[in-house]
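A.B. asks: Work out the full structure, taking the sequences as your base and the hints as a guide.
Numbering (the numbering used here), first residue to last: 1 to 131.
Each hint should be verified, as a subset may be incorrect.
[Said to hold, decoys possible] No more than 25 Å apart at the CA atoms, straight line, and that leaves these computed lysine to aspartate or glutamate pairs for DMTMM-like: (1) Lys105 <-> Glu91; (2) Lys105 <-> Asp119; (3) Lys112 <-> Asp99; (4) Lys105 <-> Glu92.
Derived by calculation from the structure, the hints in this document are not laboratory data.
Keep in mind the model is a prediction, meaning the values are calculated, not measured.
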Amino acid sequence: MSVIHDRNESANADADLSSVTDVEAGIREFVRNDIAYLRRAPSIAESTADAGAEATVNNVNTLIQRVAGASATEIDNLINELESLRALMHEEGQRVQRDLANFAKLSQTAMKSTRIISDNLAQWKRAPQPD
Numbered sequence: 001m002s003v004i005h006d007r008n009e010s011a012n013a014d015a016d017l018s019s020v021t022d023v024e025a026g027i028r029e030f031v032r033n034d035i036a037y038l039r040r041a042p043s044i045a046e047s048t049a050d051a052g053a054e055a056t057v058n059n060v061n062t063l064i065q066r067v068a069g070a071s072a073t074e075i076d077n078l079i080n081e082l083e084s085l086r087a088l089m090h091e092e093g094q095r096v097q098r099d100l101a102n103f104a105k106l107s108q109t110a111m112k113s114t115r116i117i118s119d120n121l122a123q124w125k126r127a128p129q130p131d
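C.D. replies: Written as structure tokens, this is what we have:
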């Protein structure tokens with residue numbers, strides 16, 4: 001049984017190997033043809049078409065650079081504006097914290113003053129009344 005199994009595996013391996021060889025040969029042929037096309041001297045019509053295409057590509061590249069430059073400048077301006085707003089918000093947050101601390105001190109002082117006044121009034125009420 002193992003001899004038959006080994007022969008089947010060997011036949012499958014040979015078929016796979018020949019398929020791989022065929023694919024590799026096709027790739028080699030494609031690359032040769034592609035390189036041969038690139039090595040061929042361009043004709044006048046092709047060079048004129050290439051010059052027109054190159055000019056178009058240069059125009060498109062210039063346009064893209066202008067648009068990208070304007071966009072990058074706008075993004076930089078937005079970043080600067082956001083950073084200044086962040087600094088402003090930080091300063092305002094600190095100011096609000098200082099104001100709250102001052103309000104808390106003022107509130108405590110007012111509470112102490114009110115307590116002192118109420119204690120003095122209580123002492124006056126307890127004092128004997130002159131007849």
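A.B. asks: None of the hints should be skipped; say for each whether it holds.
C.D. replies: Status of the hints after comparison with the structure:
| no. | hint | in the structure |
| --- | --- | --- |
| 1 | Lys105 <-> Glu91 | holds (21 Å) |
| 2 | Lys105 <-> Asp119 | holds (21 Å) |
| 3 | Lys112 <-> Asp99 | holds (20 Å) |
| 4 | Lys105 <-> Glu92 | holds (20 Å) |
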